[in-house]
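Novice: What follows is each chain in one-letter form.
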Amino acid sequence: MDGPTMDQTQGLTESQGKIKEFLSRFFKNHDLKPEEDIFALGFVNSLLAMQLVAFVEKEFAIRVEDEDLDLDNFRSIQAISNLVAKKSGAAAPATA
Amino acid sequence: MKLELTPEQRAARGEFRAFAQAEIAPFADQWDREEAIPRELIDKLAGRGWLGANVPPEHGGPGLDMVSYGLLTEEIGKACSSTRSLLTVHDMACQAILRWGSRAQRDHWLPKLSCGEILGAFALTEPQAGSDAMGVLTTAEKDGDGYVINGRKKWITFAQIAGLYLTFLKCDGKPTAFLIERSTPGVRVEPIHGVLGTRASLLAEVFFDNCRVPAENMVGRVGFGVSHVMAATLEHGRYSVACGSVGIAQACLDACLRHAREREQFGQPIFEHQLVRAMISDMIVQVRAARLMCLRAGYLRQINDPGAFMETMAAKYLASTVATRASTDAVQIHGASGYVEGSPIGRYFRDAKVMEIIEGSTQIQQSTLARFDFQEL
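Those sequence lines, one after another, are chains F and B.
For the record, in the first sequence the residue sitting at position 21 is 21 according to this note's numbering, with numbers rising by one throughout.
For the record, in the second sequence the residue sitting at position 244 is 244 according to this note's numbering, with numbers rising by one throughout.
There could be a bad hint or two in this list.
Residues of chain B placed beyond 10 Å of chain F at every Cβ, according to the derived structure [to be verified]:
1. W155
2. L275
3. Q363
Think about it this way: if two alpha-carbon atoms lie no more than 30 Å apart in a straight line, the pair counts; the simulated DSSO-like pairs of lysine-lysine are [unchecked claim]:
4. B/K154 <-> B/K174
5. B/K44 <-> B/K353
6. F/K58 <-> B/K2
7. F/K33 <-> B/K174
8. F/K86 <-> F/K58
9. B/K174 <-> B/K142
10. B/K174 <-> F/K28
11. B/K174 <-> F/K58
12. F/K87 <-> F/K28
13. B/K142 <-> B/K112
14. F/K86 <-> F/K33
15. F/K86 <-> B/K174
16. F/K87 <-> B/K174
Restraint ranges, calculated between C-beta atoms of paired labels, are given here [to be verified]:
17. B/Q30 <-> F/R25: 44 to 54 Å
18. B/Q332 <-> F/D37: 49 to 59 Å
19. F/R25 <-> B/S367: 18 to 28 Å
20. F/N45 <-> B/F266: 54 to 64 Å
21. F/E59 <-> B/M134: 24 to 34 Å
22. F/K33 <-> B/I364: 28 to 38 Å
23. F/A61 <-> B/P191: 39 to 49 Å
24. B/D43 <-> F/K58: 36 to 46 Å
25. F/K58 <-> B/K2: 17 to 27 Å
26. B/A11 <-> F/F27: 37 to 47 Å
27. F/A61 <-> B/R277: 49 to 59 Å
28. B/Q30 <-> F/D37: 51 to 61 Å
29. B/H108 <-> F/L71: 22 to 32 Å
Honestly, the hints are just simulated from the structure, not real lab data.
Note that CB positions come from ideal geometry on N, CA and C, so glycine has one too.
Can you build the whole structure from these sequences, using the hints too?
Specialist: Following this line, the structure appears as structure tokens:
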């Protein structure tokens, strides 16, 4: 994808852009917004759950622990990027 | 691109093969008849570090890489599927704790599991719930600072001798995983006899009657038992079953190559008969294809690639069907001599069939794989 340009027009941080790109493989034909609830959209199933965990761990070099198993941590692009920021020890990034 | 084992992996495979052929294969038919593998074998496997072989050194295991782990599973599975199934379920329990266990659970259980002091089992299936994991009826109810568990689990591999059951149940109506010790008051274990294949894998039905377990025995969180704990655990199980299936198919191929050159009909070895040779050629090609898929799944698992989940499922689907076909053809090529009790060929045939049933049946894989978005190499 034409990453940076598109991401900037949508106001996504770099990590949010990566998360969106990953999720887009599952949510075809839908332009996912940063705050959009992926559970409410009915897109999430058990095939995605572990792949999403593996993706954020590998992409952002963090480890998702048992205490992070809270749907609110995985509810949206914004929520996932907040979790990543928290686990990376950085402050949660604001959308540009 | 490099598609070859490292010198260390090659050496490890040599060690796995030598052990399996000397200590397991010669006795596998006897254990199959007796419906049990002996305790001494389990001790030997533990002594080599092959129970919980993936458990990293900081938790007391040897930390075998995923590709080597697959080779171990193939070599053990080639010798005896019942022994392989011990590794499968024990290592699934280890995997669940490694992946989703709390720090306290990892520190407490993994050293005990990886030295074989306690054996783990995977307790999902119930009389009414198999492929539909959300349909389990076993429940955990909050009671003070712990939970009370009621229900039953059926067809649980090695449950006759396991000390720790990784149990999938409903808590507040949501899928949840618990570690339940066999010593918990209210746990009752009834052996199951007379199964068609992997007869020595000490199956049992496990009953939980008002079993009180501490809250810290929950693995993961309420509601994440299927999507996360079971998914991660079954991925490991699928990898094990896939590699074990390659082992069965390779054992069939080796036996057929030997038999077809020795057995003479119409004045020549049956190897010279084109239809026999066609079956063997197909077996060769299919074993190699299945093994390549296992190696790729193992590599992706080793590097924690998100695609490992689907590649492992695809490998399991192919390898299990290759094993059943190879074993069917192996019986065909051996004729009556492969159709009698005590023949390893008949055992391969019986053991292969269950590989298409466990860790997601062939039909579950067929209805699931098309939904994945497979990435190019």
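Novice: Next, verify each hint and record whether it holds.
Specialist: Evaluated hints:
For B/W155, the non-interface assignment is confirmed: its Cβ lies about 22 Å from the closest Cβ of chain F, beyond the 10 Å cut-off. Distance to chain F confirms B/L275 as a non-interface residue, since its nearest Cβ pair spans about 42 Å, more than 10 Å. Non-interface status of B/Q363 relative to chain F is upheld: no Cβ of that chain comes within 10 Å, the nearest being about 16 Å off. Proposed proximity of B/K154 and B/K174 is supported: the alpha carbons are some 20 Å apart, at most 30 Å.
A C-alpha spacing of about 28 Å is found between B/K44 and B/K353, which places the hinted pair at or below 30 Å, so the restraint holds. Straight-line distance between C-alpha atoms of F/K58 and B/K2 comes to about 22 Å, which keeps the hinted pair within the 30 Å bound. Distance hint between F/K33 and B/K174 is fulfilled; the C-alpha atoms sit about 29 Å from each other, no more than 30 Å. Annotation: proposed proximity of F/K86 to F/K58 holds, straight-line Cα distance about 16 Å (limit 30 Å).
For the suggested pair B/K174 and B/K142, the alpha carbons sit about 13 Å apart, so the restraint of at most 30 Å is met. A distance of roughly 29 Å separates the Cα atoms of B/K174 and F/K28; the hinted pair therefore holds under the 30 Å criterion. A hinted pair counts as satisfied when its Cα atoms are at most 30 Å apart, and B/K174 with F/K58 qualifies at roughly 29 Å. With a C-alpha separation of about 28 Å, the suggested pairing of F/K87 with F/K28 holds against the 30 Å cut-off.
The hinted pair formed by B/K142 and B/K112 meets the criterion: a straight-line CA distance of about 28 Å does not exceed 30 Å. Only pairs whose Cα atoms come within 30 Å are accepted, and F/K86 paired with F/K33 is accepted, the gap being roughly 21 Å. Taken as a hint, the F/K86 and B/K174 pair is honoured in the structure, with Cα atoms around 27 Å apart against an allowance of 30 Å. This hinted pair checks out: F/K87 and B/K174 have alpha carbons roughly 27 Å apart, not beyond 30 Å.
Roughly 50 Å separates the CB atoms of B/Q30 and F/R25, a value that falls within the hinted 44 to 54 Å. For B/Q332 paired with F/D37, a C-beta distance near 56 Å keeps the hint of 49 to 59 Å intact. Against the hinted window of 18 to 28 Å, the Cβ-Cβ separation of F/R25 and B/S367 comes to about 20 Å, which satisfies the hint. A hinted range of 54 to 64 Å holds for the C-beta pair F/N45 and B/F266, which are about 57 Å apart.
In this structure, F/E59 and B/M134 meet the distance hint of 24 to 34 Å, their C-beta atoms being roughly 30 Å apart. About 34 Å separates the C-beta atoms of F/K33 and B/I364, a value consistent with the hinted range of 28 to 38 Å. For the pair F/A61 and B/P191, the beta carbons lie near 47 Å from each other, so the given range of 39 to 49 Å is met. Under the hint 36 to 46 Å, the C-beta atoms of B/D43 and F/K58, about 38 Å apart, fit the expected range.
Hint check: F/K58 to B/K2, Cβ distance near 21 Å, so the stated range 17 to 27 Å holds. In this structure, B/A11 and F/F27 meet the distance hint of 37 to 47 Å, their C-beta atoms being roughly 46 Å apart. Checked against the given bound of 49 to 59 Å, the beta carbons of F/A61 and B/R277, roughly 52 Å apart, stay inside it. A C-beta distance of roughly 59 Å is found between B/Q30 and F/D37, which places it inside the suggested range of 51 to 61 Å.
A hinted range of 22 to 32 Å for the beta carbons of B/H108 and F/L71 is consistent with their spacing of about 28 Å.
Checked against the numbered hints given earlier, this structure breaks none of them.
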